[in-house]
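Chemist: Sequence:
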Amino acid sequence: MFPGSVEENQSIGNRRKVEVFVKVIDEQSKGRVFSRLTEGSTKTDDPLVMKTFVYVEDPETFCFCLRWKHEDNNERWRSFFDMTPTVD
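Numbering of the sequence shown is given in this note's numbering, commencing with residue -3 and proceeding in unit increments.
These are calculated hints, taken from the structure and not from any lab test. Please note: incorrect hints may appear among the correct ones.
[Said to hold, decoys possible] BS3-like mimics (lysine-lysine), calculated; alpha carbons at most 27 Å apart, straight line:
(1) 47 / 65
(2) 65 / 13
(3) 19 / 39
(4) 26 / 65
(5) 19 / 47
(6) 13 / 39
[What the hints assert, rightly or not] The following label-pair restraints were derived from C-beta to C-beta distances:
(7) 27 / 60: 26 to 32 Å
(8) 6 / 69: 26 to 32 Å
(9) 50 / 81: 35 to 41 Å
(10) 78 / 5: 26 to 32 Å
(11) 70 / 30: 16 to 22 Å
(12) 10 / 33: 21 to 27 Å
(13) 17 / 74: 32 to 38 Å
(14) 33 / 11: 16 to 22 Å
(15) -3 / 78: 20 to 26 Å
(16) 72 / 15: 19 to 25 Å
(17) 34 / 76: 33 to 39 Å
(18) 53 / 77: 20 to 26 Å
(19) 70 / 5: 30 to 36 Å
Note that the Cβ used here is the ideal one computed from N, Cα and C, for glycine as well.
Kindly produce the complete structure, drawing on both the sequences and the hints.
Modeler: See below:
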(Lines of atoms letter the chains of each structure in order from A and count residues from 1; the text may use other names and numbers.)
(Lines give C-alpha, C1' and ligand atoms only; values in the text may rest on other atoms or scores of the structure.)
Protein backbone atom coordinates (compact mmCIF):
# COMPACT_ATOMS: atom_id res chain seq x y z
CA MET A 1 0.00 0.00 0.00
CA PHE A 2 1.13 3.52 -0.68
CA PRO A 3 -0.54 6.92 -0.29
CA GLY A 4 -2.08 9.03 -3.02
CA SER A 5 -3.66 12.45 -2.80
CA VAL A 6 -4.97 14.09 0.37
CA GLU A 7 -8.14 16.20 0.36
CA GLU A 8 -7.56 19.84 1.25
CA ASN A 9 -10.61 20.16 3.50
CA GLN A 10 -11.76 18.02 6.38
CA SER A 11 -14.35 15.43 5.34
CA ILE A 12 -15.62 13.73 8.48
CA GLY A 13 -15.21 15.72 11.69
CA ASN A 14 -11.54 16.61 11.89
CA ARG A 15 -10.51 13.84 9.48
CA ARG A 16 -9.29 14.22 5.92
CA LYS A 17 -9.68 11.74 3.09
CA VAL A 18 -6.45 10.11 1.88
CA GLU A 19 -6.26 7.94 -1.24
CA VAL A 20 -4.48 4.63 -0.72
CA PHE A 21 -3.21 2.43 -3.53
CA VAL A 22 -3.26 -1.28 -2.69
CA LYS A 23 -0.94 -3.50 -4.72
CA VAL A 24 -0.99 -7.29 -4.65
CA ILE A 25 1.99 -9.50 -5.40
CA ASP A 26 0.29 -11.59 -8.11
CA GLU A 27 -2.99 -12.44 -9.86
CA GLN A 28 -3.78 -15.20 -7.33
CA SER A 29 -3.87 -12.66 -4.48
CA LYS A 30 -6.30 -10.25 -6.15
CA GLY A 31 -9.56 -11.85 -5.05
CA ARG A 32 -8.56 -12.28 -1.42
CA VAL A 33 -7.28 -8.72 -1.06
CA PHE A 34 -9.44 -6.60 -3.36
CA SER A 35 -12.71 -8.13 -2.12
CA ARG A 36 -11.99 -6.68 1.34
CA LEU A 37 -11.55 -3.08 0.23
CA THR A 38 -13.98 -0.30 1.14
CA GLU A 39 -17.04 0.15 -1.04
CA GLY A 40 -16.14 2.86 -3.52
CA SER A 41 -12.67 1.49 -4.27
CA THR A 42 -11.75 1.75 -7.95
CA LYS A 43 -9.59 -0.06 -10.46
CA THR A 44 -6.44 1.48 -11.89
CA ASP A 45 -4.58 0.93 -15.17
CA ASP A 46 -2.49 -1.70 -13.38
CA PRO A 47 -4.56 -4.89 -12.81
CA LEU A 48 -2.60 -5.58 -9.61
CA VAL A 49 -3.41 -2.18 -8.06
CA MET A 50 -6.68 -0.72 -6.76
CA LYS A 51 -7.35 2.71 -5.32
CA THR A 52 -9.24 3.02 -2.06
CA PHE A 53 -9.36 5.62 0.71
CA VAL A 54 -9.29 6.19 4.45
CA TYR A 55 -10.15 9.14 6.68
CA VAL A 56 -7.37 10.19 9.07
CA GLU A 57 -6.77 12.99 11.56
CA ASP A 58 -3.08 13.46 10.71
CA PRO A 59 -2.57 12.82 6.99
CA GLU A 60 1.10 13.88 6.99
CA THR A 61 2.09 11.31 9.60
CA PHE A 62 -0.17 8.67 8.06
CA CYS A 63 1.37 9.16 4.59
CA PHE A 64 4.91 9.19 6.01
CA CYS A 65 4.31 5.88 7.82
CA LEU A 66 2.55 4.31 4.84
CA ARG A 67 5.42 5.25 2.49
CA TRP A 68 7.94 3.85 4.97
CA LYS A 69 6.03 0.57 5.28
CA HIS A 70 5.63 0.34 1.50
CA GLU A 71 9.40 0.69 1.01
CA ASP A 72 10.09 -1.80 3.81
CA ASN A 73 7.72 -4.37 2.27
CA ASN A 74 9.27 -3.91 -1.17
CA GLU A 75 12.74 -4.52 0.25
CA ARG A 76 11.56 -7.66 2.05
CA TRP A 77 9.91 -9.03 -1.11
CA ARG A 78 13.09 -8.34 -3.14
CA SER A 79 15.14 -10.14 -0.51
CA PHE A 80 12.72 -13.08 -0.49
CA PHE A 81 12.75 -13.45 -4.28
CA ASP A 82 16.54 -13.12 -4.37
CA MET A 83 16.83 -16.07 -1.97
CA THR A 84 14.19 -18.21 -3.67
CA PRO A 85 15.85 -20.65 -6.07
CA THR A 86 14.48 -20.82 -9.58
CA VAL A 87 13.18 -24.12 -10.90
CA ASP A 88 15.01 -25.64 -13.85
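Chemist: Next, verify each hint and record whether it holds.
Modeler: Hint check:
1. 47 / 65: holds, 17 Å
2. 65 / 13: holds, 19 Å
3. 19 / 39: holds, 11 Å
4. 26 / 65: Judged against 27 Å, a Cα distance of about 20 Å means the pair holds.
5. 19 / 47: holds, 9 Å
6. 13 / 39: holds, 18 Å
7. 27 / 60: 26 to 32 Å: holds, 31 Å
8. 6 / 69: 26 to 32 Å: holds, 30 Å
9. 50 / 81: 35 to 41 Å: holds, 38 Å
10. 78 / 5: 26 to 32 Å: violated, 44 Å
11. 70 / 30: 16 to 22 Å: 19 Å Cβ-Cβ, so the 16 to 22 Å window holds.
12. 10 / 33: 21 to 27 Å: Given a distance of about 24 Å, which is inside 21 to 27 Å, the answer is holds.
13. 17 / 74: 32 to 38 Å: Between residue 17 and residue 74, where Cβ atoms are some 19 Å apart, the hint is violated.
14. 33 / 11: 16 to 22 Å: Taking Cβ atoms as reference, residue 33 and residue 11 lie about 18 Å apart, which means the hint holds.
15. -3 / 78: 20 to 26 Å: holds, 22 Å
16. 72 / 15: 19 to 25 Å: Given range 19 to 25 Å: holds, Cβ gap about 24 Å.
17. 34 / 76: 33 to 39 Å: violated, 29 Å
18. 53 / 77: 20 to 26 Å: Violated, at about 37 Å.
19. 70 / 5: 30 to 36 Å: holds, 32 Å
Consistency with the previously given hints fails for numbers 10, 13, 17, 18, ordered from lowest to highest.
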